[in-house]
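Let the hints inform the model, and build the full structure from the sequences given.
One-letter residues, chain by chain:
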Amino acid sequence: MGVAILVGFGIVYTTLTYARPYTYQGSLIEPPVPAPDFELVDQHRQPFRLSEHKDKVILIFFGYSHCPDVCPVTLTDFKKIKAQLGDQSEDVAFLLITTDPERDTPEQLMNYLKNFDPEFVGLTDERSLMEPVWQDYGVYQAKVESDDPDNYLVDHSARTYIIDKNGNLRLTYLFGTGSEVIAKDVAYMLKEN
Amino acid sequence: MTPKQAIRLGFRRFVTLLLISSALVWLVSEAAFQLQKDENDRAPQVYELVIPFGTAAEVSAGQKVPEIPEEMVFVVGDMLVVRNEDVSDHQLGPLWIPAGASASLLMEKAERTAYSCSFQNTKYLGLLVQESTTIGTRFAALALAAPATAMFLFVYSLIIWPLNPREKDKKTVSTSTGEIGADL
Numbered sequence: 000m001g002v003a004i005l006v007g008f009g010i011v012y013t014t015l016t017y018a019r020p021y022t023y024q025g026s027l028i029e030p031p032v033p034a035p036d037f038e039l040v041d042q043h044r045q046p047f048r049l050s051e052h053k054d055k056v057i058l059i060f061f062g063y064s065h066c067p068d069v070c071p072v073t074l075t076d077f078k079k080i081k082a083q084l085g086d087q088s089e090d091v092a093f094l095l096i097t098t099d100p101e102r103d104t105p106e107q108l109m110n111y112l113k114n115f116d117p118e119f120v121g122l123t124d125e126r127s128l129m130e131p132v133w134q135d136y137g138v139y140q141a142k143v144e145s146d147d148p149d150n151y152l153v154d155h156s157a158r159t160y161i162i163d164k165n166g167n168l169r170l171t172y173l174f175g176t177g178s179e180v181i182a183k184d185v186a187y188m189l190k191e192n
Numbered sequence: 000m001t002p003k004q005a006i007r008l009g010f011r012r013f014v015t016l017l018l019i020s021s022a023l024v025w026l027v028s029e030a031a032f033q034l035q036k037d038e039n040d041r042a043p044q045v046y047e048l049v050i051p052f053g054t055a056a057e058v059s060a061g062q063k064v065p066e067i068p069e070e071m072v073f074v075v076g077d078m079l080v081v082r083n084e085d086v087s088d089h090q091l092g093p094l095w096i097p098a099g100a101s102a103s104l105l106m107e108k109a110e111r112t113a114y115s116c117s118f119q120n121t122k123y124l125g126l127l128v129q130e131s132t133t134i135g136t137r138f139a140a141l142a143l144a145a146p147a148t149a150m151f152l153f154v155y156s157l158i159i160w161p162l163n164p165r166e167k168d169k170k171t172v173s174t175s176t177g178e179i180g181a182d183l
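Chains as they are written, first to last, in numbering that gives the first Met the number 0: chain A, 0 to 192; chain B, 0 to 183.
Please keep in mind that the hints were generated in silico from the structure rather than gathered at the bench.
The beta carbon of each residue, even a glycine, is placed where N, CA and C say it ideally should be.
There is no bait here: all hints are sound.
Facing chain B, a subset of chain A residues (Cβ under 10 Å, in silico):
hint, residue
1, 156
2, 157
3, 170
4, 172
5, 173
6, 174
7, 176
8, 180
As structure tokens, then:
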């Protein structure tokens with residue numbers, strides 16, 4: 000009888016755990032709002048308009064190639080997310096939008112992204128064209144004063160955004176969120192779409 | 000007593016002691032919980048924070064915005080939903096809250112954080128997330144403690160009351176032995 004009780008507890012616990020509806024681990028935006036559109040230049044010097052990529056779930060991170068910490072960590076996480084998604088990653092685009100347009104030329108972004116995944120998209124343009132994009136996505140960016148004009152840091156926000164296949168902004172993540180958490184959410188979003 | 004019989008008797012005794020241990024551990028842990036619990040020992044909940052219309056204009060004008068505690072206390076598993084009724088987009092740390100929408104923040108681990116916040120005059124909002132004692136953690140404690148207690152009592156019982164078949168079982172054993180002997 001004791002064994003039967005223990006098995007019963009196990010069955011109830013398992014049922015309660017796995018029967019729950021899926022809950023996104025990221026910060027869910029409700030109702031979903033259309034992602035602000037933009038057109039920038041990618042690392043191949045080709046124009047990239049966000050609204051022309053509605054067939055994919057899009058992960059966006061704002062950073063820069065000379066970043067010593069947050070950006071390489073996030074791009075490494077992007078790489079892990081892509082690996083965890085497997086074949087599903089064909090329906091996902093990973094974007095790095097620069098917060099340092101003066102140094103991040105398309106060539107610079109191409110060389111930088113090769114360190115992670117050449118299929119990641121790096122976007123840049125003139126500062127005057129970048130500023131509205133930063134503003135639309137609530138991105139903070141500021142150059143840190145330095146004696147060397149070519150060697151400076153850029154403070155910037157470190158949020159990751161996810162846009163669904165309908166072009167809606169759906170989720171945001173804090174820097175440091177585990178890649179497996181984001182991969183799980185993206186996989187569910189692909190299934191949902 | 001045959002080894003098979005010893006195993007059967009031992010198993011029966013262990014299961015009985017496991018049930019007794021579970022009851023004892025539950026009683027003791029519940030008593031301790033009732034004596035020590037505080038307001039944060041509760042199941043996770045959803046909290047909603049509303050950013051009223053006109054907040055961005057008031058903040059940029061340096062005016063006082065509706066009072067929000069500078070530090071909010073949550074337990075792990077709580078969800079903070081921030082609803083933006085303002086005409087401007089707002090942000091709270093990882094949350095980007097477009098105008099007219101809401102965004103949620105799940106408190107995943109116990110920590111104290113200060114997030115930059117666009118709807119506070121101080122520009123920061125502190126969040127304290129604490130571990131809570133929930134029914135789940137209480138069951139986990141029971142699951143950990145009861146088998147260990149049962150094993151302890153079982154070993155102790157073997158010293159005090161060694162495994163012995165009951166009279167009825169003894170008769171069965173001797174009878175069957177006799178039958179085996181007769182057959183031989």
